[in-house]
Amino acid sequence: MTDHAINAPTKGRDLRSLIYDPKVRSIFFQIATAVILTFFVLEIYHNVTTNLQQSNTASGYAFLNSRAGFDIGQSLIAYTSDSTYGRAIIVGLLNTLMIAFCGIITATILGFLVGLGRLSKNWLIAKLCTVYVEVFRNIPPLLVIFFWYSGVLSTLPQPRDAIQIPGSIFLSNRGLTFPKPIWGDGSGLILIGLAAAIVAAFAISRWAKARQMATGKQFPVGWTTLGLLIGLPLIGFLAAGAPLTFDIPVEGRFNLSGGAVVAPEFVALYLALSFYTASFIAEIIRAGIRSVSKGQSEAAFALGLQPSHTTRLVVVPQAMRIIIPPLTSQYLNLTKNSSLGIAIGFPDLVSTGGTTLNQTGQAVEVVAIWLVVYLSISIATSLFMNWFNAKMALVER
Amino acid sequence: MATRKITFVRDSMLPPQPAPQASGNSAAWVRANLLATPKDVVMTLLALALLAYMLPGMINWLFIEASWFGSDRSVCATIAQGGIQPNGWHGACWAFVEDRFAQFVFGRYPLEERWRVLLTLALFVALLIPVLMPKAPRKGLNALLLFVVFPVVAFFLLHGGFGLSEVETPLWGGLMVTLILSFVGIAVSLPLGILLALGRRSKMPVIKTICVVFIEVIRGVPLITVLFMANVMLPLFLPTGWTIDNFLRALVGVALFASAYMAEVIRGGLQAIPKGQTEGAESLGLSYWQTIRLIILPQAIKLVIPGIVNTFIGLFKDTSLVSIIGMFDLLGIVQLNFRDSAWIAPAVPITGLVFAGFMFWIFCFGMSRYSAFMERHLDTGHKR
Chain D
1 MTDHAINAPT
11 KGRDLRSLIY
21 DPKVRSIFFQ
31 IATAVILTFF
41 VLEIYHNVTT
51 NLQQSNTASG
61 YAFLNSRAGF
71 DIGQSLIAYT
81 SDSTYGRAII
91 VGLLNTLMIA
101 FCGIITATIL
111 GFLVGLGRLS
121 KNWLIAKLCT
131 VYVEVFRNIP
141 PLLVIFFWYS
151 GVLSTLPQPR
161 DAIQIPGSIF
171 LSNRGLTFPK
181 PIWGDGSGLI
191 LIGLAAAIVA
201 AFAISRWAKA
211 RQMATGKQFP
221 VGWTTLGLLI
231 GLPLIGFLAA
241 GAPLTFDIPV
251 EGRFNLSGGA
261 VVAPEFVALY
271 LALSFYTASF
281 IAEIIRAGIR
291 SVSKGQSEAA
301 FALGLQPSHT
311 TRLVVVPQAM
321 RIIIPPLTSQ
331 YLNLTKNSSL
341 GIAIGFPDLV
351 STGGTTLNQT
361 GQAVEVVAIW
371 LVVYLSISIA
381 TSLFMNWFNA
391 KMALVER
Chain R
398 MATRKITFVR
408 DSMLPPQPAP
418 QASGNSAAWV
428 RANLLATPKD
438 VVMTLLALAL
448 LAYMLPGMIN
458 WLFIEASWFG
468 SDRSVCATIA
478 QGGIQPNGWH
488 GACWAFVEDR
498 FAQFVFGRYP
508 LEERWRVLLT
518 LALFVALLIP
528 VLMPKAPRKG
538 LNALLLFVVF
548 PVVAFFLLHG
558 GFGLSEVETP
568 LWGGLMVTLI
578 LSFVGIAVSL
588 PLGILLALGR
598 RSKMPVIKTI
608 CVVFIEVIRG
618 VPLITVLFMA
628 NVMLPLFLPT
638 GWTIDNFLRA
648 LVGVALFASA
658 YMAEVIRGGL
668 QAIPKGQTEG
678 AESLGLSYWQ
688 TIRLIILPQA
698 IKLVIPGIVN
708 TFIGLFKDTS
718 LVSIIGMFDL
728 LGIVQLNFRD
738 SAWIAPAVPI
748 TGLVFAGFMF
758 WIFCFGMSRY
768 SAFMERHLDT
778 GHKR
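Sequence order for the protein chains is D and R. Start counting the first sequence at 1; every next residue gets the next number (the numbering used here). Start counting the second sequence at 398; every next residue gets the next number (the numbering used here).
Misleading hints may appear alongside valid ones.
[Unchecked claim] Part of the chain R face toward chain D, derived, beta carbon under 7 Å:
no.: 1; residue: L431
no.: 2; residue: M440
no.: 3; residue: F460
no.: 4; residue: M601
no.: 5; residue: P619
no.: 6; residue: M626
no.: 7; residue: L633
no.: 8; residue: S738
no.: 9; residue: I741
Don't read these hints as lab results, they were simulated from the structure. Predicted model only: the values in this text are computed from it and were never measured. Built from N, CA and C at the ideal position, the CB exists for glycine as well.
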C-alpha cells in the first residue's frame, strides 16, 4: 500500500516532467517545424514576388493564349508557329505520352526476352544476355541517346542516297520515311469491326471459363480472340470496299517527297529508352521467375501439367506478384527519362515547356505545369498498377 | 478377393551399364550447355551467327583500323573528307581521345593549377580505400575524415583560398565535375535520405506529411525538371541581389533528387526490422536517437546495401544530365570537343561517346561489383 502511495504520480506536474512527456515534446517539435517552414515559404513567396516585379514579369497563365512563334518538328496534332503556347505545351505532352507508350511496349518485350535468356540453360545465350544487361545498366541513358543520335543516325546517308528497304521505305539522316496510309470513306466500319471483336472476345472468354468450371471442357480462347481481332476488322475493311490508299514516298533529286516521316530524334530517343530500360526489366523478370521455388514447377509436373501449362498457370502468375511493383517503377522511369529528348531536340513536354519558359520568362508557371503533368502521370500509373497488383496478389485466408 | 497375381519379379541383377561419358571434359560440357536439345542447337547457332556478324566488325573498328596517333582531324577522315585515310576507311578515332584527354579529365581548369585536382584525387583515394576495406581499422575516424574534413579541404584546394589562386567553377569540367557532383550527391543524400525516411515513418503528422510530400513530388518528376527548377527557380527564391553559383545550383538539384530516392530505399530497410527491436531498445531505456543509431539503422542499412549502391549508381549516371543545363561534365565536355572544328570528322563523335560510355561503365560496374562483395561479406545469416 505505502509503496504505491510513494510512486503514485503527483497531481500537479512540475515543469521537468512536462519536458520529458513524449506527447508534449511531439507537439512542440511539430509546431516548431510548422513555424519554421511557414516562415521559409513566406520568405520565398516574398522574394519571388519582388524578383518578378523587378524583372517586370507578369504572373498568371494568360501567356498560354498568346502566339508561340516557334516551330515544332514533330506533332501529333495540327500545329504551326502561329499556334498558342498552350497548344505547344499540349503538343509536347502528346509527344511525351507517345514516346513513353512506344518505348514501354518495346522495352517490355525486349526485357522479357533478355531476362528469360539469362535464365536459359544454354550457356552462350545466357552469357550474351548477361553482357547486354551489364553494358546497358551501367551507362547513362543520355549517353545511349547520343550514341544513337550522333553516333549512328547522323552517319546515315543524305536523303538523296537514302537506304531503300523493300516496300518503299527509306532510311536517311532525315529519319525513316514510309508509305503513309490514307483512309478513305467508310473506314469507320473497320473501327466498328474492331469494337465488335473486342466485345465478342470478352463474352467468349467468360463463357469458356464458365463452361470449363462446369464441365471441365476447354475452349481455345486465345486463337479465337486472335481470329476475331483480325477477322472482324478485315470484314469491315472489305465491306467498305477497301478504302485504303498509300501516299508513297518518291525519291527526288535532293530530297524525298511524300510519305510519312519519323524524325531521327524520335527514333534515337525511342531506341535508347527501349534498350536502356529493357536491361532493367530483364533483371526484374529474372528475379521474379527465380523467386518461384522449384517445388512449384515440380508439383505441377507431378500433377501431370504440360511444361507450357506449368509456365503459364503456375510459374508466371506467382512470378508476376514479384515482378509488377518494380516493373511499374521502370515504366515510370522510362516516362520520366523521355524528358532527356530535350538534349537532341525531341519536342517533348520539357522541351516545348523550356522554349516557352525562355521566350516568356514565366518560370514559376511553366515549372508548375511540369510538376502537375508528371505527378498526374505518376499517380495515374501507380493507381492503375496498384489495382492490377491487388488483382494479382495472393488471396489468403 | 484373391491377391492379385504378380506378373513379374526380377530375380537376377541387370548387367552393369557403361559409366556415363566423362562429365568433366569439354565435349560433354558443350553437349550439356550448348547442344542439349534441338532448340538449344538452333539458339546456339543463331547466337554464333550474331557474334560472327558483330564481333569482327567491332574489333576491326575498335583496334585494327582505328587511328591511334595524330593531332587534328586529318588522321580520322578519308581522302574524300579531306583527311589522309583511304576512302572507305571505317575505324575509331582514338587520336581524338588522346589529344583531348586532359580536357576530358580537368575541363578548362588552368594548366599550372592542375596539380591541385590531382592532389585532391590522391587524398580522396587514400581516404576512400580504407573505408571500403572491411578489415581496415578505425572506420569511424576514417569516415569522419572522408565525409567531413575532406570536403572542406577539397573545396579550398579546388576553388582556391589560403594563398591558392581562385579558380572559378565555370572553368571546372570533365571527369572531375562528374566525380565532385557524385561525391557530394552521395555524401548529402545518405544522411538526408535517412532523415526523410525516419520522418516518413514518424508518428508526428506534420513531419510525416512534409516528408511524404517532398519524397513523392521529387520522385514523381524527371531529374531534368528538378535541375531546371534549381537553375531557374533558386535565384528567384533568394532575396534580390543575391546570386548563386551555377555549379552549386546543379549540386543542390542532384543532391535533393538523390535524397528522395535514398529515403525510399532506407524506408524499405526500416520496415524490415521487427517491431520487437524498437520495443526491446526502449525497454532498456534508450532514447529515440539512441535506438535509431545503435539498434535500428545498423540492421536496416545492412539489409538495403544493394538498394543504396543502386541509388549511388543511378546518381552517378544522372550527373550526366547537367550537360543539358550548360555545364561540362564528362559527357558535356566530350560533346563540346567533338563539335570543335579541329576535330570534325564522321568517326569522332562516336569514338568520343564510346570513350565516355566506357568511363561511366567502369565506375558503375565497379560500384555494383563492390556492392555484391559487401553483400556476401555482411551476410550474417538473416536472409533465408
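Structure-based check of all given hints:
1. Given the 7 Å rule on beta carbons, the hint for R/L431 holds: about 6 Å separates it from the nearest Cβ of chain D.
2. For R/M440, the interface hint holds, the least distance from its beta-carbon to any beta-carbon of chain D being 5 Å, beneath 7 Å.
3. About 18 Å separates the beta-carbon of R/F460 from the nearest beta-carbon of chain D, more than 7 Å, and the hint is not met.
4. A cut of 7 Å between beta carbons decides the hint on R/M601: the least distance to chain D is about 5 Å, and the hint holds.
5. For R/P619, the shortest C-beta to C-beta distance to chain D is roughly 4 Å, which falls under 7 Å, so the interface hint holds.
6. Contact between R/M626 and chain D, as hinted, is supported at the beta carbon level, the nearest pair being about 5 Å apart and thus within 7 Å.
7. Against a cut-off of 7 Å between C-beta atoms, the interface hint on R/L633 holds, since the closest Cβ of chain D lies about 5 Å away.
8. About 16 Å separates the beta-carbon of R/S738 from the nearest beta-carbon of chain D, more than 7 Å, and the hint is not met.
9. The criterion of a C-beta within 7 Å of any C-beta in chain D is not met by R/I741, whose closest approach is roughly 12 Å, and the hint is violated.
Hint violations for this structure: numbers 3, 8 and 9, all remaining hints satisfied.
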